[in-house]
Structure formats: structure tokens, C-alpha cells
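Visitor: Heads up: the protein sequence lines correspond to chains A and B, in order.
Letter by letter, the first sequence follows residues 29 to 351 in our numbering.
Letter by letter, the second sequence follows residues 29 to 351 in our numbering.
Source of the hints: derived by calculation from the structure; they are not laboratory data.
As the structure is a prediction and not an experimental result, all values here were calculated from the model.
We put the CB at the ideal spot given by N, CA and C, even for glycine.
Treat the hints with caution; some may be incorrect.
As the list claims (entries may be wrong) - Using C-beta positions, here's what the derived DEER-type ranges look like:
id, chain 1, residue 1, chain 2, residue 2, range
1, B, F144, A, F335, 29 to 39 Å
2, A, A264, B, L81, 26 to 36 Å
3, A, A246, B, G270, 53 to 63 Å
4, A, F144, B, R168, 25 to 35 Å
Number of protein chains: 2
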Amino acid sequence: MKITLLGTSSGTPTRQRNVSATAVQPERGKAWVLVDCGEATQHQLLRTGLSLLQLKVILITHVHGDHCYGLPGVLASCQLNGRTAPLTLVGPAAVWRYIQAVIELTELHLEYPLEFVEVSDQLQLPCGPFDITAAVLSHRTECWGYRLEEVAVTRRLDTVRLNAEGIEPSACYSRLYRGERVRLGDGRELEGRDYWMPAHAARAVVVAGDNDRPELLAEACCGVQLLVHEATYTEAVLQRVGPGPGHSCAAQVARFAETQGLPALLLTHFSPRYLLHPKRPKDLSIESLRDEAEQYYSGRLHLGQDFDTYSIARNGEVSKLPE
Amino acid sequence: MKITLLGTSSGTPTRQRNVSATAVQPERGKAWVLVDCGEATQHQLLRTGLSLLQLKVILITHVHGDHCYGLPGVLASCQLNGRTAPLTLVGPAAVWRYIQAVIELTELHLEYPLEFVEVSDQLQLPCGPFDITAAVLSHRTECWGYRLEEVAVTRRLDTVRLNAEGIEPSACYSRLYRGERVRLGDGRELEGRDYWMPAHAARAVVVAGDNDRPELLAEACCGVQLLVHEATYTEAVLQRVGPGPGHSCAAQVARFAETQGLPALLLTHFSPRYLLHPKRPKDLSIESLRDEAEQYYSGRLHLGQDFDTYSIARNGEVSKLPE
Numbered sequence: 029m030k031i032t033l034l035g036t037s038s039g040t041p042t043r044q045r046n047v048s049a050t051a052v053q054p055e056r057g058k059a060w061v062l063v064d065c066g067e068a069t070q071h072q073l074l075r076t077g078l079s080l081l082q083l084k085v086i087l088i089t090h091v092h093g094d095h096c097y098g099l100p101g102v103l104a105s106c107q108l109n110g111r112t113a114p115l116t117l118v119g120p121a122a123v124w125r126y127i128q129a130v131i132e133l134t135e136l137h138l139e140y141p142l143e144f145v146e147v148s149d150q151l152q153l154p155c156g157p158f159d160i161t162a163a164v165l166s167h168r169t170e171c172w173g174y175r176l177e178e179v180a181v182t183r184r185l186d187t188v189r190l191n192a193e194g195i196e197p198s199a200c201y202s203r204l205y206r207g208e209r210v211r212l213g214d215g216r217e218l219e220g221r222d223y224w225m226p227a228h229a230a231r232a233v234v235v236a237g238d239n240d241r242p243e244l245l246a247e248a249c250c251g252v253q254l255l256v257h258e259a260t261y262t263e264a265v266l267q268r269v270g271p272g273p274g275h276s277c278a279a280q281v282a283r284f285a286e287t288q289g290l291p292a293l294l295l296t297h298f299s300p301r302y303l304l305h306p307k308r309p310k311d312l313s314i315e316s317l318r319d320e321a322e323q324y325y326s327g328r329l330h331l332g333q334d335f336d337t338y339s340i341a342r343n344g345e346v347s348k349l350p351e
Numbered sequence: 029m030k031i032t033l034l035g036t037s038s039g040t041p042t043r044q045r046n047v048s049a050t051a052v053q054p055e056r057g058k059a060w061v062l063v064d065c066g067e068a069t070q071h072q073l074l075r076t077g078l079s080l081l082q083l084k085v086i087l088i089t090h091v092h093g094d095h096c097y098g099l100p101g102v103l104a105s106c107q108l109n110g111r112t113a114p115l116t117l118v119g120p121a122a123v124w125r126y127i128q129a130v131i132e133l134t135e136l137h138l139e140y141p142l143e144f145v146e147v148s149d150q151l152q153l154p155c156g157p158f159d160i161t162a163a164v165l166s167h168r169t170e171c172w173g174y175r176l177e178e179v180a181v182t183r184r185l186d187t188v189r190l191n192a193e194g195i196e197p198s199a200c201y202s203r204l205y206r207g208e209r210v211r212l213g214d215g216r217e218l219e220g221r222d223y224w225m226p227a228h229a230a231r232a233v234v235v236a237g238d239n240d241r242p243e244l245l246a247e248a249c250c251g252v253q254l255l256v257h258e259a260t261y262t263e264a265v266l267q268r269v270g271p272g273p274g275h276s277c278a279a280q281v282a283r284f285a286e287t288q289g290l291p292a293l294l295l296t297h298f299s300p301r302y303l304l305h306p307k308r309p310k311d312l313s314i315e316s317l318r319d320e321a322e323q324y325y326s327g328r329l330h331l332g333q334d335f336d337t338y339s340i341a342r343n344g345e346v347s348k349l350p351e
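Next up, chain A with everything else stripped away, as it sits in the complex (with noise of 0.2 Å):
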């Protein structure tokens, strides 16, 4: 399973970070999800090996601009790559509603069939690789985080139990792996599906969209490898900016990962005051949020930047992946 940053900055771009955007794959096949669609995300897609035709989903957290005006590119643009598979939306009813608009208002003719599903805690949503369901979060408009677990986790054979029965490994081991039917020497027959066990527990991971309080996603994070979560400032200058945009700083989402005892903590949507290589006083470097968080959480903590690429291992195991 893997997660792709697409876009770190919030608000508005910096000539090293975009806009939000998250892809998600799983860890066999083409198909992904995305969650958020800001400006240029068709572009950032560009410099990865992600292709629009491959597309499932589109997951968005709230209707704010930097975190949905690359939609209607990304809809043109699979048009104008010949998709014809349908694509599903997921969102607040008033990302939708924005959607239509553009698309009547710019005489955007889209050939494939568009879904809209609008999210609520009550989503289920059965999306090829995932099972995707989603819990609402705190900003100053209807906000989620979106939780995504692989559906099709790979196959072991149950030895314990074929042992426990005196079926000894043999030839037949492989055609029960492969899910067959096979009758034994003393005329017993075995389905190969009956022994099949999970070779490790679903992975998940939690992508959330702005939000002032982290411990909304105390259920969605049970359980998960990962939390993706914005950290826009430190606390010192939240305090100052005071509470009206509505974001966390990092202290608030490092408690809550060390709480929920999150092995895994993925920080992301910093305000463009933090720049990557600073020439700036130390408390406006990046390195000041992961100074914050550090104090606060001892699982692996990791700062997004764009194009930054992190797999979850089969054993849960969160790492980033070289470039």
C-alpha cells in the first residue's frame, strides 16, 4: 500500500510545495484513489507514473479552494485522454454542487459517467482496492478525513489447521493454495478456500482534510498504519493566529497520534511562513513543527514534502521510499 503527497502547502502554493493532494494505491494493480484535488494536481501527476485512466476515485475533504480547484482540470483532462471508464466523486453535497457549476458554466462535455456519492459516517463505499469509509472533522466549513483499508489482502494456507488434520505438506498444498478441489488418498476432499487465511491484517491508513480537533478520528484510526494529518503552524503560532482558520499545529495532532497509539504520523498542509531550505529565524523552519511534534509523540513521525512516497509494509511498517 502506498501514499503519494502530491501537495504540502496550504492555502496557496510555494515554488516547492503545492496544493493538497494525496494518491493512494494499493499494493498490486493500477487502480488508485485521490483525496483532494488542488490546483495542479493534474500537473503533479504529470511527474509521477500515476495515469488518469486509472483513476477510481475522488475523495474530497471540504469545498475551500486549495484542496478542490484542480478538479475541474483533472475531469477535462481524462476526457481529453479518451477515459470512458466511469469515475466516482465523493464529497460534501457543496463540492458537488461547485462541480456542476463549472462544468455547465465553462461547456465542460464530459463523455465518461461521473458519480457523485456525498459523504456522511455513514459511507461505505466498496472501491476496487478499498473499503473506504469516512468521519466528520471540525473547520470552518463541513470538513472529513477519509479512511481507506485494502480489501484484498494476499492469501496463506492455514498449516496449524491442516497439520491439526494429519494432512502433511505434499504436492497438494499448492493446488490448495490455488483454491482447489482435492481429494486425498483416503478419500477425504479438502476445498482449497476452506484453508485459506489472510497472510497479514488489512492495512489502512487515514487521510484527513483540515480540522482543529484530531481526536475526531479517534474510531477511524483504529487500527490504521498511518495518519495523515495537517499541521499548519506551531502552537505559538496558532495562539496568534487564534482559532478563526480552523487548523491544528502540531503539538495537537502529536498528542492525539500518542494517544490513539498511532505507530505511524504523517504531517502535512503547512502554512507557506515555513519554507524547506530557510534562510528564515529558526521558529519559521519546518524543522520547528517537527521540533513540536517530536515532544509530544515517540512513534515514526514523518514531514510531507511534494512527490514524497511512503509504503505500508505488509507487517504495518510505515517507511518512505527512496525517490
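Given the coordinates of chain A, assemble chain B onto it according to the supplied hints.
Guide: For chain B alone, kept in the frame of chain A given last:
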């Protein structure tokens, strides 16, 4: 006077070319004008010296996405950058309906005044450094070309008239140049302004939108030094594609420029099938467009690339500035 291409692809961006946007700057001052605003125009601007705070007017040729999907992001980033000065938007009424809908539906709060002027063939927009007029074009939707003519032409002294009046070169020349009143030894009083004349003809450029009838620009192009016009494909490809999309081929634009006696022609808005560094058949190389245009046009021909800047010198000569 400088023209910077911010996007030279049609329909969809490629790794080398963004969709349409063109910046026009006067010789002096930081104010500038944007013609069209495809998605990620604000991202392109981050790679130039052009500031959103100095942007005076946005001229949109038509409402298709590759010419206006960057507009919401530009307006939002003007706000986030602290703009307070009014911004004028010019275009067909459809552009205003589109941008009003996006502003409302995505909760975009602009605290600076955004003024809309509907384009027409009566448009006479004195805008800081330029007089702006418009000519209607032929496309699948209402579409316009804009003519920008510089207002403030540098002055020089009319030395022929001074000589004819028996006023010899002396210190009084520089006082007249500065606009002062000068009393001569013989009692005559001269007003500096009476002896001013423009140092050169006012420079002008036409930046056209999508258009399959270049001849519609005949009047607008009178006396201009440069026409920036789409040449989406070659004549052979146009014949295969048919007239549906409403675009010009290189030959069409070149023939018009030749008939019109235009000193310089800058082609842009190339179909993504033409690659910059092609490993493709020769007929899908960008050079095939150049070859075709050169057959019909004997002036200075340029094929645009993103971030190319062209200057119109005071003597009217158009040249590409070094990168």
C-alpha cells in the same frame, strides 16, 4: 514592452508546456496585464518576477477551462498575499458567471474589489500602462482577441521646430525637455510641452484567443508590432480533425500575417501531440508547425515556449530575450 508566455499548450498541460496564459508588461514600472489564466498560472508566476500585487487587469478570451481554470486560484492567492488594490477582470459575460459561481460555492472571501468589465467591440479600457481594445473571434464559444497599446511613450524634443524658430541648442533645451517655461534673451517665452514629441510610435501587441478565422483580426492588427496567435496544429492535422474544435492551423495564421504585413508573429497553443523534444515522426514534431508557417510568412516567426519573454523595442523590433 515585454510579453511573457506562461503557457503554450492547448487543452491539457504537458510536462513542458502549461495551458494558456500570457503576461504583458510596459517598458517601465511593475504593473502588468494577464491575458488568459489556465490552471496553474499562479504556479508559473512563482517562477517569474511578476507579482500578483502588481497585476492590474486580467483579460480572458473565452470561458473554456484551459483559458480560465487558473482564475479562482489567482484571485484566492491575491487575497492571501494581502492585496487591497482593485483588480479588473475583462471577458465575456460567461466568465463572470463562472467566477461568481466559484466564489460563492467555494466560500472564497475576497476583501479587495474585483470589478468586471464585459468585453465588446466597443471596449476602450484605459488601464494603467495600456489602452486595451478587443476584437471578436470565431470559436466554439464567444471568444476575443485583445490589443494592448502603450499609453506613456517617452518624449523627445522637436529639434526641427526649435531650429526653424531660430532657437539654437543651449541649456534651454534641457529645461524645455523637463517641461519648464523658458524666457529667451529676445523676450520670447517658450512652454516646454509645446516642443515635446513622442520618441517613437506607440507600441502595440495583439494577444488572441482560440480562433479559426485569423482575418477577423485585420483591423485590430493595424500598426501592431506583434501578433500572438494560436496555431494548434498543421493544415494536414486540421483536415483530419475537421473544423469542430474551431482552431487555426499554422498555415492559416501565417497567410494572414503575411497578407497583413505583420512584422512579427508568435505562435502558441500547440496541441499536446507536438512534443518539444520529439522522438516522434517528423510530422508530429513542433518543427512541422514552423516549417508550415515559414512557407507562407516572410516576417519574424517565433514558436513560443513556456517562460519565453519577447521584447518590443522602441524601434518596433521584436526579439526574444535571453533566459
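Visitor: Now look at each hint and say whether the structure bears it out.
Guide: Verification of the supplied hints:
Distance hint check for B:F144 and A:F335: the Cβ-Cβ separation is about 38 Å, which falls inside the suggested range of 29 to 39 Å. In this structure, A:A264 and B:L81 meet the distance hint of 26 to 36 Å, their C-beta atoms being roughly 28 Å apart. Our hint of 53 to 63 Å for A:A246 and B:G270 holds, since their Cβ atoms are close to 58 Å apart. For the hinted restraint 25 to 35 Å between A:F144 and B:R168, the CB-CB distance of approximately 27 Å keeps it satisfied.
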